[in-house]
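Chains A and B are the protein sequences, given in the same order.
Each number in my numbering comes from the position in the first sequence (counting from 1) with 4 added on.
Each number in my numbering comes from the position in the second sequence (counting from 1) with 4 added on.
Rather than coming from a laboratory, the hints here were simulated on the basis of the structure.
Heads up, a few of these hints could be off.
Note that identical chains are pooled: a pair holds if it fits in a single copy or bridges any two copies.
[What the hints assert, rightly or not] Here are the simulated BS3-like cross-link-like pairs (lysine-lysine), alpha carbons at most 30 angstroms apart as the crow flies:
1. K291 x K327
2. K146 x K118
3. K28 x K127
4. K327 x K127
5. K28 x K291
6. K146 x K291
7. K127 x K58
8. K291 x K127
9. K146 x K66
10. K302 x K291
11. K146 x K28
12. K66 x K127
13. K327 x K118
14. K58 x K302
15. K302 x K66
16. K302 x K327
17. K291 x K58
18. K302 x K146
19. K118 x K66
20. K118 x K58
Number of protein chains: 2
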Amino acid sequence: MALAATKEAKTEGQAFPEVAAELKAALRSELDATNAVILDHLGSRVPLIPEVAKHLIGAGGKRLRPLITLAAAEIAGAGGENARYLAAAVELIHAATLLHDDVVDDSDLRRGFKTANVVFGNKESVLVGDFLFARAFELMVKTGQLPVLDLLSRASCTISEGEVLQLETQGNIDATEEMHLDVIRAKTAMLFEAAARAGAGSLGASPHAEKLGQFAENFGIAYQLVDDALDYGHGAQDLGKTIGDDFRERKMTMPVILAYRAARDDSERAYWRDAFANGSDDFDRAKALIDRDDIGAKALDHARGYAAQSAEALDGLPDHPLKDILRELALASAERPF
Amino acid sequence: MALAATKEAKTEGQAFPEVAAELKAALRSELDATNAVILDHLGSRVPLIPEVAKHLIGAGGKRLRPLITLAAAEIAGAGGENARYLAAAVELIHAATLLHDDVVDDSDLRRGFKTANVVFGNKESVLVGDFLFARAFELMVKTGQLPVLDLLSRASCTISEGEVLQLETQGNIDATEEMHLDVIRAKTAMLFEAAARAGAGSLGASPHAEKLGQFAENFGIAYQLVDDALDYGHGAQDLGKTIGDDFRERKMTMPVILAYRAARDDSERAYWRDAFANGSDDFDRAKALIDRDDIGAKALDHARGYAAQSAEALDGLPDHPLKDILRELALASAERPF
Numbered sequence: 005m006a007l008a009a010t011k012e013a014k015t016e017g018q019a020f021p022e023v024a025a026e027l028k029a030a031l032r033s034e035l036d037a038t039n040a041v042i043l044d045h046l047g048s049r050v051p052l053i054p055e056v057a058k059h060l061i062g063a064g065g066k067r068l069r070p071l072i073t074l075a076a077a078e079i080a081g082a083g084g085e086n087a088r089y090l091a092a093a094v095e096l097i098h099a100a101t102l103l104h105d106d107v108v109d110d111s112d113l114r115r116g117f118k119t120a121n122v123v124f125g126n127k128e129s130v131l132v133g134d135f136l137f138a139r140a141f142e143l144m145v146k147t148g149q150l151p152v153l154d155l156l157s158r159a160s161c162t163i164s165e166g167e168v169l170q171l172e173t174q175g176n177i178d179a180t181e182e183m184h185l186d187v188i189r190a191k192t193a194m195l196f197e198a199a200a201r202a203g204a205g206s207l208g209a210s211p212h213a214e215k216l217g218q219f220a221e222n223f224g225i226a227y228q229l230v231d232d233a234l235d236y237g238h239g240a241q242d243l244g245k246t247i248g249d250d251f252r253e254r255k256m257t258m259p260v261i262l263a264y265r266a267a268r269d270d271s272e273r274a275y276w277r278d279a280f281a282n283g284s285d286d287f288d289r290a291k292a293l294i295d296r297d298d299i300g301a302k303a304l305d306h307a308r309g310y311a312a313q314s315a316e317a318l319d320g321l322p323d324h325p326l327k328d329i330l331r332e333l334a335l336a337s338a339e340r341p342f
Numbered sequence: 005m006a007l008a009a010t011k012e013a014k015t016e017g018q019a020f021p022e023v024a025a026e027l028k029a030a031l032r033s034e035l036d037a038t039n040a041v042i043l044d045h046l047g048s049r050v051p052l053i054p055e056v057a058k059h060l061i062g063a064g065g066k067r068l069r070p071l072i073t074l075a076a077a078e079i080a081g082a083g084g085e086n087a088r089y090l091a092a093a094v095e096l097i098h099a100a101t102l103l104h105d106d107v108v109d110d111s112d113l114r115r116g117f118k119t120a121n122v123v124f125g126n127k128e129s130v131l132v133g134d135f136l137f138a139r140a141f142e143l144m145v146k147t148g149q150l151p152v153l154d155l156l157s158r159a160s161c162t163i164s165e166g167e168v169l170q171l172e173t174q175g176n177i178d179a180t181e182e183m184h185l186d187v188i189r190a191k192t193a194m195l196f197e198a199a200a201r202a203g204a205g206s207l208g209a210s211p212h213a214e215k216l217g218q219f220a221e222n223f224g225i226a227y228q229l230v231d232d233a234l235d236y237g238h239g240a241q242d243l244g245k246t247i248g249d250d251f252r253e254r255k256m257t258m259p260v261i262l263a264y265r266a267a268r269d270d271s272e273r274a275y276w277r278d279a280f281a282n283g284s285d286d287f288d289r290a291k292a293l294i295d296r297d298d299i300g301a302k303a304l305d306h307a308r309g310y311a312a313q314s315a316e317a318l319d320g321l322p323d324h325p326l327k328d329i330l331r332e333l334a335l336a337s338a339e340r341p342f
């Protein structure tokens with residue numbers, strides 16, 4: 005039934021928010037309890053810290069990563085307090101990286117709101133990010149699950165590596181698809197994968213951790229590839245979303261890599277090279293070139309491939325109502341509007 | 005013998021480097037092994053990461069915090085691989101906070117060298133700091149000592165809180181001695197304390213953790229108070245050290261708090277108030293006022309008080325040659341030249 009609804013809604017790009025809402029509803033009590041853990045751990049005797057943290061983590065946000073942790077735990081038969089602690093920890097790690105990302109990218113808008121670095125300052129964002137990261141570890145330690153602690157600290161290393169890699173490929177028009185996928189795997193998909201594995205392993209080693217990890221890793225790659233396409237106005241656009249941020253920040257993403265490869269002459273190649281080496285205000289030309297060759301659709305095709313792999317990874321897992329929702333979510337992620 | 009040498013050398017401010025060298029010599033093989041662990045964990049497939057990290061952690065640095073961990077472990081009878089992992093972790097946490105500090109403070113020099121943010125950029129410093137922090141956790145997890153993991157993640161939270169508190173008191177001439185000590189305890193002394201407790205607890209709960217923690221906490225406070233005084237040219241100055249950084253950054257430290265309280269008239273108070281509210285290039289006047297009332301000596305007296313408490317905390321511990329070196333180190337710290 006839900007699957008039929010998904011297919012119908014797909015053309016409008018509404019399937020993703022609907023399935024995400026379905027997942028939230030199925031995990032409502034666990035998610036509410038996780039949100040309570042998160043809020044509890046934003047507390048500090050220094051009032052500015054929860055103020056900055058709540059600006060980002062507050063009511064909004066899809067809570068995708070903690071939902072993955074909670075769902076993985078349920079499917080692996082490992083639900084409970086530990087899973088909630090780990091779900092909260094994963095969201096805090098994510099929040100810490102967002103705070104630092106916005107400083108690194110000089111961003112001023114996120115989810116349509118002014119970023120913390122604009123409202124509170126770069127310094128505050130760096131320090132509160134550090135605080136959240138430390139709090140995340142404090143939460144993980146409560147579970148006493150050393151393999152999960154190892155997993156999440158290694159994942160955190162990998163995320164930083166991915167961010168540095170992204171910084172290094174910034175402005176480099178010769179960056180390849182492989183280089184970009186490497187960045188995506190490290191900066192985005194690693195935390196998705198770790199979120200799933202942590203949930204599955206929240207009470208000890210689980211035979212389902214591997215498949216759940218594969219599901220989440222591929223889901224994360226698809227998710228990020230859609231993010232890239234949305235920033236050039238492709239995919240199912242949500243109203244109010246600004247586009248062109250990656251272009252202005254000279255971030256090498258899939259649409260640009262594909263468009264540069266499809267360039268028809270030296271003047272087009274020179275345009276791309278200059279725009280990414282030196283920066284450019286001419287986003288319209290970039291968008292026009294990408295539109296002309298239907299690059300957006302090609303970039304989204306990549307995402308669909310990973311979404312399909314994500315869904316497939318679930319096949320080897322025991323039957324569970326949440327498994328069906330996760331499968332729909334993965335497939336819908338390639339069509340998501342925000 | 006060593007104690008006599010200390011007393012003799014004190015007037016020249018040479019006792020501290022000598023005792024620190026003595027401590028390094030006594031722990032040479034453990035420290036070398038710890039340095040190897042640190043270098044090993046700076047490795048990354050992203051070459052920029054070890055490059056930035058080594059710029060800071062490389063050959064230089066006093067390695068005070070890991071030395072405290074190693075010494076505490078030996079005194080508590082808990083020396084070995086775990087202690088080395090924790091000593092390395094503590095140094096990596098320290099390095100991560102320095103990288104972020106230099107970004108937050110817009111610093112351009114540290115230990116006479118250009119800071120990483122100047123050489124590599126603010127973005128790189130933020131991200132590599134995150135990497136080091138994550139690596140520190142990875143190292144701690146290897147020990148399997150959950151209480152130590154809890155201790156160090158909480159300490160990391162407290163450090164960030166201290167940094168935010170410092171940011172909030174910046175430029176506030178009405179900051180009190182108590183507020184400043186609160187900042188110092190959180191941003192500096194907490195990691196010293198955690199370093200000692202982690203060493204003592206590296207193989208499990210130790211009855212000596214409490215005293216060793218007290219030693220290190222008070223040592224850390226004394227150490228930071230001397231830092232504050234050195235920045236106004238007081239204490240045993242090392243050649244080549246720049247002074248006036250705290251003044252230019254409008255950081256409220258002990259010399260300024262005492263000098264403002266000792267101001268003789270409204271015009272002096274107005275000078276201090278304006279210099280810290282709006283910033284000032286007139287460091288000479290600040291220094292002249294501090295010199296006139298012998299404020300530097302008063303600030304160092306505070307440090308001596310904490311150094312004495314640090315030394316006293318060692319009394320309740322079992323006899324050990326390292327204990328005597330730590331006592332000398334604590335007492336000499338109030339006279340250290342750098």
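Exercise. First find the shortest C-alpha distance between K28 and K291 inside one copy, then the shortest across copies, and answer within, between, both or neither for a cut-off of 30 angstroms.
Key: neither (35 angstroms within a copy, 61 angstroms between copies)
Quiz prompt | Alpha-carbon proximity context of K327 and K118, limit 30 angstroms | solution = Close neither inside one copy (36 angstroms) nor across copies (53 angstroms); limit 30 angstroms.
Exercise. With 30 angstroms as the alpha-carbon cut-off, assign the pair K302 and K291 to within, between, both or neither.
Key: Within one copy, since 14 angstroms is at most 30 angstroms while 66 angstroms is not.
Practice problem: Check K146 against K28 for me: Cα-Cα at most 30 angstroms, and say if that holds within a copy, between copies, both or neither. | Solution: This pair counts as within: shortest intra-copy Cα distance 25 angstroms, inter-copy 35 angstroms.
Practice problem: Measure nothing new, just compare the shortest in-copy and cross-copy C-alpha distances for K127 and K58 to 30 angstroms and report within, between, both or neither. | Solution: both (17 angstroms within a copy, 24 angstroms between copies)
Quiz item: Within a copy, between copies, both or neither: where do K28 and K127 come within 30 angstroms Cα-Cα?
Solution: Classified as neither; 34 angstroms inside a copy, 35 angstroms across copies.
Exercise. Give the relationship of K146 and K118 under a CA distance limit of 30 angstroms: within one copy only, between copies only, both, or neither.
Key: Close neither inside one copy (34 angstroms) nor across copies (40 angstroms); limit 30 angstroms.
Quiz item: Quick one: K302 to K327, C-alpha cut-off 30 angstroms, is that within a copy, between copies, both, or neither?
Solution: Answer is within; shortest intra-copy Cα gap is 28 angstroms, inter-copy 68 angstroms.
Self-check item: Copy assignment of K66 with K127, given that the CA separation must stay at most 30 angstroms
Solution: For K66 and K127, both the intra-copy (26 angstroms) and inter-copy (27 angstroms) Cα distances are at most 30 angstroms.
Quiz item: From the Cα coordinates, with 30 angstroms as the cut-off, is the pair K327 and K127 best called within, between, both, or neither?
Solution: The answer is neither: 42 angstroms in one copy and 39 angstroms across copies each exceed 30 angstroms.
Exercise. Tell me, please, which holds for K58 and K302 at an alpha-carbon limit of 30 angstroms: within, between, both or neither?
Key: neither (37 angstroms within a copy, 42 angstroms between copies)
Quiz item: Quick one: K118 to K66, C-alpha cut-off 30 angstroms, is that within a copy, between copies, both, or neither?
Solution: Intra 17 angstroms, inter 42 angstroms, cutoff 30 angstroms: intra-copy only.
In this structure, the hints that do not hold are numbers 1, 2, 3, 4, 5, 6, 13, 14, 17 and 18, in rising order.
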